[in-house]
Amino acid sequence: MDVIVTDVAIVGAGGAGLRAAIAAAQSDPSLNIALISKVYPMRSHTVAAEGGAAGVIKDNDSLDNHFNDTVTGGDWLSDQDAVEMFVNTAPKELLQMEHWGCPWSREPDGKVAVRPFGGMKIERTWYAADKTGFHMLHTLFQTSIQFPSIKRFDEYYSTELLVEDGRCIGVVAIEMRSGRMVAFHAKSVIIATGGAGRIFPFTTNGAVKTGDGMAMAYRAGVPLKDMEFIQYHPTGLPGTGILITEGSRGEGGILVNKDGYRYLQDYNLGPPDPWPRKKAMELGPRDRLSQAFWHEQQKGRTIKTAYGDVVYLDIRHLGEAKINERLPMVRELASSYIGVDPVYEPIPVRPVVHYTMGGIHTDINAATPMPGLYAAGECACVSINGANRLGSNSLAEILVFGAIAGRNAAAFAKANPLGSPTLAAQATDAAQGRVRELFLRTGGTETISGLRKEMNDAMESGAGIYRTEQTLQDTCRVLADLRARFGKVQLEDRSNVFNTDLLQALELGSMLDVAQAMAHSALLRKESRGSHQRLDFPARDDVTFLQHSLATFGGAAEPAISYADVVITKSKPAERVYGGPAT
Amino acid sequence: MSETITLEVLRYNPETDSEPHFQSFVVPYHEDWVVLDALNHVKDHIDSTLSYRWSCHMAVCGSCGLIINGEPKLGCHAFVRDYRGGVIKIEPLDHFPIERDLVIVMDDFIEKLSSVKPYVIVKEEKPVSEGEYIQTPAQLKVFKQYTQCINCMLCYAACPQYAMNEGFVGPAALALAHRYNMDSRDCGKDERAEVVASNEGIWECTFVGACSEVCPKHVDPAAAIQQTKIAASLDWFKALLLPGGKK
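Chains A and B, in that order, are what the protein sequence lines are.
With the working numbering applied, the first sequence corresponds to residues 7 to 589, in that order.
With the working numbering applied, the second sequence corresponds to residues -9 to 237, in that order.
Everything labelled a hint here was simulated from the structure, so no lab data went into it.
Do not take every clue at face value.
With a cut-off of at most 25 Å between alpha-carbon atoms, the simulated SDA-like pairs for lysine to any residue come out as follows [claimed, not checked]: (1) B:33 x A:448; (2) A:157 x B:178; (3) B:107 x A:36; (4) B:207 x B:61; (5) B:131 x A:119; (6) A:98 x B:124; (7) A:98 x B:111; (8) A:328 x B:126; (9) B:33 x A:207; (10) B:33 x A:501; (11) B:116 x A:91; (12) A:420 x A:370; (13) B:113 x B:174; (14) B:113 x A:154; (15) A:98 x B:125; (16) A:98 x B:127; (17) B:207 x A:338.
Please model the entire structure based on the sequences and the hints provided.
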């Protein structure tokens, strides 16, 4: 067992992790920063974000507008002190990205351009064509190269946190090319591992998004907050789940059912004209659009395909030139993967699991309840997104809270000594023992792909866009069974070198634990709010549930669910209004 | 029985194999499958020991570069239907050491990418409080194409020069240097020239153009290298002919 001593260890090298690393390096160049990721930075899923990043920059907009849109969009479950800080900081972070070379799309006069996005009153979404996440990730990765104090550990899979008397003192990881286990003995640790969309069968999320960081923190006793809130993006390609950006609706795209009818007008989002119009119709929030699809499907007004029911996203009226300039990737993806050129044909789409609003319980300082442990990005829940994230807030969030996590973890590292090396060594040996048990196990009767499929199916059928007591109880029961059976998983691969059989088993273990937190949190939230819709409790209940849920790991047993107050400062909970009255 | 297709996949486990070898897998044929889907089928249902990299399945993360029937391609962007009735031969990217099965060792590429100083270099830091740099759409267009590289390394696998001389900085890294050199916000061209215009840099390129042919993102690294050569020559002339003329 090898030990690497460092000041700050960061797990995850996507947008949030890279931003954190740069912030930590800039706050004190003498600090050693270990940036640890199971993939090379540019493979992280930030790369797949398309539409843009929200931040107030234009004279016709205001920070209050962004605040109100975000809090309303989140169905008042966002912590308003955090939202206020977020909207104030986002423009500075986006400008910093501009100074670092991010190729933002521009106005004719050379200023940064913005586009409209769902649930946003005014256009404020900065974009780099329709590859914003890709450009942000590469800009951050390339910028990080100039900081010698950032030492990358690419393709190291982190398995667990090192904890001493309730303080985080490091993290254990497997070096994938050798199979050797390494202890990162650190003064502070940041988790920035992204979401957990792969828990569901149909998702925009890449293979890497298996909730590893959430599971690490959860198993170490840090609660997972608001895990019942899972965002379905309304426009994914059937079959693959490939994302078709909300930017296509921001640019004027419309959604129609099998009769060519703009059905969103039937769901409190109309009237359809004039179009385009902000906070209305296709520029409503994602939760409402995905729920509208479900109702259309119930009414038999969707289109049947081999990969499930779809509606059509029509951008033909934008014309070829505008599509090529603003939405080139949409054209390329639809043409390649489903043989539809959106210049000439409407794109079949259906709702697809996209984002976990919930995550590791953090505060406005990106700090978790565990001293020395910070989290940022999709894996964390501050919460600014509440019950439903608005499109383009997450790319801004990874910058704002990534930087905060980096600075605060650096400050913690300067103020505190390393933890006990003896304890770190013992804990690493124990961690190694757990991995070896799985690695060397014989006589196991379960397969990774088999259990994963059962988990995927149980989550889709029981914890999807609409839920009930019965479906959630069924899902909870299946997950308990799967977690027990996970103890009998049998690996086939006994190689130490790049053993993806082992990694997939560990990822499955993470997903099962996180899935259980999702399902139990959903079961106990007997109301409908944002992305969490209960057919048996269709109304929002502010008396009982204007609360964050906190799921605490219960080992082999179920998680314990408790609640914490939402921070309300200047926006009292009210009805969420979109469509006519809102615009 | 429904239609199938055969994959011939290169296998290599450094702990047990002295040489790489091919293994055949018969998988179901699906009209809309990409080669990556076929590999995932093998992993999930036939042989879970098969190792390869992948993540996004939408041709943007750059993980799944492979040699497919002799051509460098992304596994998630090569359609099984294009090989219908034949065999799909799948190998790791050429010109890199094999780590395991279809996984190559990419240390050299990462080092080359870092060596060209791929970040904005300014003479004087402009505070964020002063707002954005003005960059017109025309100024953006000059380098935008070269920002599209997903680091999939297909160009290194195609490059005959990199095959002969592994010191060659190579197509993607040189295109990235050019991307920053052409960015109106950047002043780092001279610093980058140490690597870019070195013996292992642009002058090693013999303009075969294979890099641009295989690039899944139409970055056209060959054009970037040619443009850099012209710019470097002009700088050299200026330095030679005009006293103090080199900027």
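**Message:** Would the hint linking residue 113 (chain B) and residue 154 (chain A) be met if the CA-CA limit is 25 Å?
**Reply:** Holds, because 20 Å separates the two Cα atoms, which is no more than 25 Å.
**Message:** Would the hint linking residue 131 (chain B) and residue 119 (chain A) be met if the CA-CA limit is 25 Å?
**Reply:** holds (15 Å)
**Message:** For residue 98 (chain A) and residue 124 (chain B), compute the direct alpha-carbon distance and say whether it is at most 25 Å.
**Reply:** Distance of about 16 Å is within 25 Å: holds.
**Message:** Checking one constraint from the list: CA of residue 33 (chain B) to CA of residue 501 (chain A), max 25 Å. Satisfied?
**Reply:** It holds: about 15 Å lies between the C-alpha atoms, which stays within 25 Å.
**Item:** Pair hint residue 107 (chain B) and residue 36 (chain A), alpha-carbon separation not exceeding 25 Å
**Value:** Roughly 21 Å between the alpha carbons, so the hint for residue 107 (chain B) and residue 36 (chain A) holds.
**Message:** Need the status of pair residue 98 (chain A), residue 111 (chain B): alpha-carbon distance at most 25 Å?
**Reply:** OK: residue 98 (chain A) and residue 111 (chain B) at ~20 Å, within 25 Å.
**Asked** Keeping to a limit of 25 Å between CA atoms, is the pair of residue 157 (chain A) and residue 178 (chain B) held or broken?
**Response** holds (23 Å)
**Asked** Is it true that the CA of residue 113 (chain B) sits at most 25 Å from the CA of residue 174 (chain B)?
**Response** holds (13 Å)
**Message:** Given the hinted pair residue 328 (chain A) and residue 126 (chain B), is their Cα-Cα distance within 25 Å?
**Reply:** holds (18 Å)
**Message:** For a C-alpha distance cap of 25 Å, please report whether residue 98 (chain A) and residue 127 (chain B) respect it.
**Reply:** holds (22 Å)
**Request:** Would you check the hint for residue 207 (chain B) and residue 338 (chain A), treating anything up to 25 Å between C-alpha atoms as holding?
**Result:** OK: residue 207 (chain B) and residue 338 (chain A) at ~10 Å, within 25 Å.
**Request:** Starting from residue 33 (chain B), check that the Cα of residue 448 (chain A) is at most 25 Å away, please.
**Result:** Roughly 20 Å between the alpha carbons, so the hint for residue 33 (chain B) and residue 448 (chain A) holds.
The structure is consistent with each of the numbered hints, conforming to all of them.
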